[in-house]
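In order, the protein sequences belong to chains A and B.
First residue of the first sequence: 0, per numbering that gives the first Met the number 0; consecutive thereafter.
First residue of the second sequence: 0, per numbering that gives the first Met the number 0; consecutive thereafter.
Don't read these hints as lab results, they were simulated from the structure.
Treat the hints with caution; some may be incorrect.
[Stated by the list, open to error] Calculated pairs, DSS-like style, for lysine-lysine (alpha carbon to alpha carbon, straight line, at most 30 Å):
1) B/Lys-79 to A/Lys-140
2) A/Lys-159 to A/Lys-181
3) B/Lys-79 to A/Lys-146
4) B/Lys-258 to A/Lys-10
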Amino acid sequence: MTNALVDFQNKLIAHIVQPDNTGAKLPAVEVYKNNFIENGIRALSISYPTLLNVLGESDFRRLAASYLASVTKIEFDWADFGAQMSDFILSSEVSQDLPYLSEIADFDWCRQMSERSKDTLFDTDSFMKLSSVAPSKVRFKVNESAKLVSYYFPMPLFLKLSTIPETNEYMEERKEILNALKNAINDAINLDEPRSYVVWKAEYKAEIEPIDVRSNNAFNAMLNRQSVEQVLSCFGESTEQMATWIEDCIAKRLICAVEDITPC
Amino acid sequence: MPNPFIGVGLRHPHYEQSLSHNTAETPIDFVEIHAENFFADGGISIALLEDVCEKYALSVHGTSLGLGSAVAVPNEVLEKFARLIQISQPAFVSEHLCFNRARLNEKVVHTGDLLPIPYNIESLKNIVSHIQQVQDKIRRPILIENLSAYLSPEQISPESLDSMSEVEFLVEMCSRAGCGLLLDLNNLIVNALNQDIAMPIEHILSNIRQLPSDYVGEIHLAGYTEQGVNGFIVDDHGAAVSNQCWDLYTETIALFGNKPTLIEWDTQLPDWYELVAQTEIARSKASI
Chain A
0 MTNALVDFQN KLIAHIVQPD NTGAKLPAVE VYKNNFIENG IRALSISYPT LLNVLGESDF
60 RRLAASYLAS VTKIEFDWAD FGAQMSDFIL SSEVSQDLPY LSEIADFDWC RQMSERSKDT
120 LFDTDSFMKL SSVAPSKVRF KVNESAKLVS YYFPMPLFLK LSTIPETNEY MEERKEILNA
180 LKNAINDAIN LDEPRSYVVW KAEYKAEIEP IDVRSNNAFN AMLNRQSVEQ VLSCFGESTE
240 QMATWIEDCI AKRLICAVED ITPC
Chain B
0 MPNPFIGVGL RHPHYEQSLS HNTAETPIDF VEIHAENFFA DGGISIALLE DVCEKYALSV
60 HGTSLGLGSA VAVPNEVLEK FARLIQISQP AFVSEHLCFN RARLNEKVVH TGDLLPIPYN
120 IESLKNIVSH IQQVQDKIRR PILIENLSAY LSPEQISPES LDSMSEVEFL VEMCSRAGCG
180 LLLDLNNLIV NALNQDIAMP IEHILSNIRQ LPSDYVGEIH LAGYTEQGVN GFIVDDHGAA
240 VSNQCWDLYT ETIALFGNKP TLIEWDTQLP DWYELVAQTE IARSKASI
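Full structure from sequences and hints, please.
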């Protein structure tokens, strides 16, 4: 490769993505700079819908533009750009006034990753193994989109608020959620430990549900590909809770199959 | 392939209407998707792709490979592109005459835009090798779309001089790489207007006449928003096909015969039926 071609491409890219680069003072470079910023803001608004809803458009644009100026885009697909938003917010001043923003960003990214992840086939017949094979010889196959997360702030409420239209018709409903949010935010500040949630997609949309300590341990065991026997042992004597939880996980497609454990 | 063969760019807000569209009443011969929107491992886009492929012939239009970049396309990205081609078996596969990434502070930065390349031998060899890399991977020829550009490389780097015209570059590229050309008429118009060329349509036609008809595999038609940025008309695909573009289309198909033709409308999207109405205009012009 000749130096001339490389030199031109390096220079133009630097002019476009470096905010303090004057771009040889060419109006045309400003067109490309503007494209880069607008495309970036649009992409981030798609990846961070809850954050956009909480911040409002103009504050979100400021945050997104600032992120674009700080984080180098190396991804081919705009949908893959933005993974560091939560950390970026945490290190910025805005986090002091709005401490929940970083968690909302993490939650949005987690939902997007879940929705774009590989679809898991639900294998109904495989559940017969639960009655025909020893629980130490089989394991649950978890939905590949599922992830355990923990947040101090009430992500399900933030999500719910972001999905309700800001019209007169829904005014009361929004007011109720806003009140609940206000209380939950106050509670969160006094929490010693964050709450655990599971995020997954049953069909196409990512969902979030709180999860208690036992269920969290059992889910972790499943994610670590432990046997059904080990997963069930997380519930100790609480067999009723265990049965309900397993049924619920299957109904919600968090568990998609039962598979044999093959020795290594 | 029916003649004429007219399609639309399929964008997210129109997914549902496109699938319920009555093609017997108002034909749409193919739809174009942007490859990157279907790069995810799973999810709704992949499910939708299956439905779209059942109903329409498909054109897969890449917007991120940047084949004119001095740095090569990473294998993992090429794999995703190839997988999409394999599962969707499109009628057309296309990319752009552009670069989009370069090394900056030890990282390869990707702008996500379509940036111009110089028309010289070094640049030609570079893009030809990258086109061949893609064609080898997907085992079929691709079409390369001419670009709308707001600057010439020598304005940034004086050594990046053009040594041939855009048309000469395109012809040589197709000849060497074995690829075809996706002739974007709106891009030619935007370039001519931004360069203040007198009698732009005549100027463009004189260039188009130099293209071998066999190289032209598809035509893109689009409009642009009049409101410019920094004095430039921006190729935003944000309006109905312009009158100039329709005139140029009429002349182009008179020259080359009918070619598969796509209506591109990407920003400030209209109602689905307005988009479909644009295909009807194209069909009427191609049926004369």
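Quiz item: Does B/Lys-258 pair with A/Lys-10 here, judged by a C-alpha cut-off of 30 Å?
Solution: At roughly 38 Å apart (the allowed maximum being 30 Å), A/Lys-10 and B/Lys-258 break the hint.
Quiz item: Is the hinted pair A/Lys-159 and A/Lys-181 satisfied, with a Cα-Cα distance of at most 30 Å?
Solution: 14 Å, holds
Quiz item: Given the proposed pairing of B/Lys-79 with A/Lys-140, does the C-alpha separation stay at or below 30 Å?
Solution: Judged against 30 Å, a Cα distance of about 26 Å means the pair holds.
Quiz item: B/Lys-79 and A/Lys-146: Cα distance at most 30 Å?
Solution: 24 Å, holds
Hint compliance for this structure: hint 4 is the single one not met.
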